[in-house]
Amino acid sequence: MNSTLLITGATGNVGRATVRALSARDPELEIRAATRKPEAYQAPAENVTAVRLDFNDPQSFAPALEGVDRLFLMSAPMDAEAAPKLTGLLDAARRAGVKQVVLMTAMGVEHAPQSPLGQVETALKASGIDWTILRPNWFMDNFHPGFLGDMVKKGQITVP
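To convert, note that position 73 of the sequence shown is 72 in numbering that gives the first Met the number 0; the numbers rise steadily by one, no gaps.
Think of the hints as simulated: they come from the structure by calculation, not from any bench. Glycine residues also receive a C-beta, built at the ideal position from the N, C-alpha and C atoms. Hints are not guaranteed to be accurate.
[As the list claims (entries may be wrong)] With beta-carbon atoms standing in for the labels, derived distance ranges:
(1) F138 with Q41: 19 to 29 angstroms
(2) A125 with D56: 21 to 31 angstroms
(3) G87 with K153: 40 to 50 angstroms
[To be verified] Listed next, the in silico SDA-like pairs over lysine to any residue satisfying Cα-Cα at most 25 angstroms (straight line):
(4) K153 with D129
(5) K84 with P112
(6) K84 with N12
(7) K98 with D68
(8) K36 with A61
(9) K36 with A75
(10) K98 with S59
(11) K124 with A75
(12) K124 with A105
(13) K124 with A79
(14) K98 with A39
(15) K84 with E109
(16) K153 with W137
(17) K98 with D53
(18) K84 with V108
(19) K36 with P57
(20) K98 with Q155
(21) K36 with R69
(22) K36 with A16
(23) K124 with D90
(24) K124 with D53
(25) K84 with W130
(26) K124 with R93
(27) K84 with R94
(28) K124 with K153
(29) K98 with R35
(30) K36 with R15
(31) K124 with G107
(32) K84 with Q113
(33) K36 with R19
(34) K84 with D129
(35) K84 with M106
Please work from the sequences and hints to get the whole structure.
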């Protein structure tokens with residue numbers, strides 16, 4: 000049975016790597032790479048199609064989710080407005096018949112249920128959709144080029 004997976008954040012570090020890895024692993028899997036600007040997206044494989052999805056535009060949710068049975072959902076880092084945006088997308092996913100959601104939040108969210116991502120986790124658990132929650136702590140990519148870029152370039156990470 001063929002499956003259709005919508006991956007949010009497809010132009011970011013995690014989303015881009017997820018699209019590449021899954022498209023290579025299973026050429027039969029139909030992957031929809033969600034981006035605000037699908038016309039600019041460079042698909043890495045034939046089984047990848049760009050679709051427009053903008054967390055700030057709920058009208059984009061239903062078209063992006065049409066025919067999707069699995070969703071990889073993550074928020075932009077440090078988004079204080081993540082809860083209403085992502086819970087709206089989860090509601091649309093439920094209405095569209097999505098069967099499984101993998102949600103990427105952050106380390107410690109389980110201890111902060113009222114935080115924006117904590118609210119999203121709570122909404123997912125109550126949605127009736129099968130779910131998996133990933134709570135990564137840190138990615139080495141975060142060290143370069145911005146966060147600690149100068150230190151990495153010098154080959155030396157220092158702390159006061």
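Status of each hint after checking the structure:
1. F138 with Q41: 19 to 29 angstroms: About 22 angstroms separates the Cβ atoms of F138 and Q41, which means 19 to 29 angstroms holds.
2. A125 with D56: 21 to 31 angstroms: The hint (21 to 31 angstroms, Cβ to Cβ) holds, given that A125 and D56 are roughly 24 angstroms apart.
3. G87 with K153: 40 to 50 angstroms: The hinted range 40 to 50 angstroms holds for G87 and K153, with Cβ atoms some 44 angstroms apart.
4. K153 with D129: 46 angstroms, violated
5. K84 with P112: Roughly 16 angstroms between the alpha carbons, so the hint for K84 and P112 holds.
6. K84 with N12: Cα-Cα ~21 angstroms, so holds.
7. K98 with D68: With Cα atoms ~5 angstroms apart, K98 and D68 stay inside 25 angstroms; holds.
8. K36 with A61: Answer holds: K36 to A61 is near 17 angstroms, not above 25 angstroms.
9. K36 with A75: The given pair, whose Cα atoms are some 16 angstroms apart, holds under the 25 angstroms limit.
10. K98 with S59: Since the Cα atoms of K98 and S59 sit roughly 19 angstroms apart, the hinted pair holds (cutoff 25 angstroms).
11. K124 with A75: Answer holds: K124 to A75 is near 20 angstroms, not above 25 angstroms.
12. K124 with A105: Since the Cα atoms of K124 and A105 sit roughly 16 angstroms apart, the hinted pair holds (cutoff 25 angstroms).
13. K124 with A79: Between K124 and A79 the Cα gap is close to 20 angstroms, so the pair holds against 25 angstroms.
14. K98 with A39: Violated, at about 29 angstroms.
15. K84 with E109: At roughly 19 angstroms apart (the allowed maximum being 25 angstroms), E109 and K84 satisfy the hint.
16. K153 with W137: 21 angstroms, holds
17. K98 with D53: 21 angstroms, holds
18. K84 with V108: Holds, at about 17 angstroms.
19. K36 with P57: 15 angstroms, holds
20. K98 with Q155: This hinted pair is violated, its Cα atoms lying about 46 angstroms apart.
21. K36 with R69: Holds: K36 and R69 sit about 21 angstroms apart, inside 25 angstroms.
22. K36 with A16: Given pair K36, A16 holds - Cα atoms ~18 angstroms apart, limit 25 angstroms.
23. K124 with D90: Holds - the C-alpha atoms of D90 and K124 are around 12 angstroms apart, at most 25 angstroms.
24. K124 with D53: 23 angstroms, holds
25. K84 with W130: 18 angstroms, holds
26. K124 with R93: Given pair K124, R93 holds - Cα atoms ~12 angstroms apart, limit 25 angstroms.
27. K84 with R94: 16 angstroms, holds
28. K124 with K153: Given pair K124, K153 is violated - Cα atoms ~45 angstroms apart, limit 25 angstroms.
29. K98 with R35: Roughly 24 angstroms separates the two Cα atoms, so the pair holds.
30. K36 with R15: Roughly 14 angstroms between the alpha carbons, so the hint for K36 and R15 holds.
31. K124 with G107: 17 angstroms, holds
32. K84 with Q113: 15 angstroms, holds
33. K36 with R19: 18 angstroms, holds
34. K84 with D129: 20 angstroms, holds
35. K84 with M106: 20 angstroms, holds
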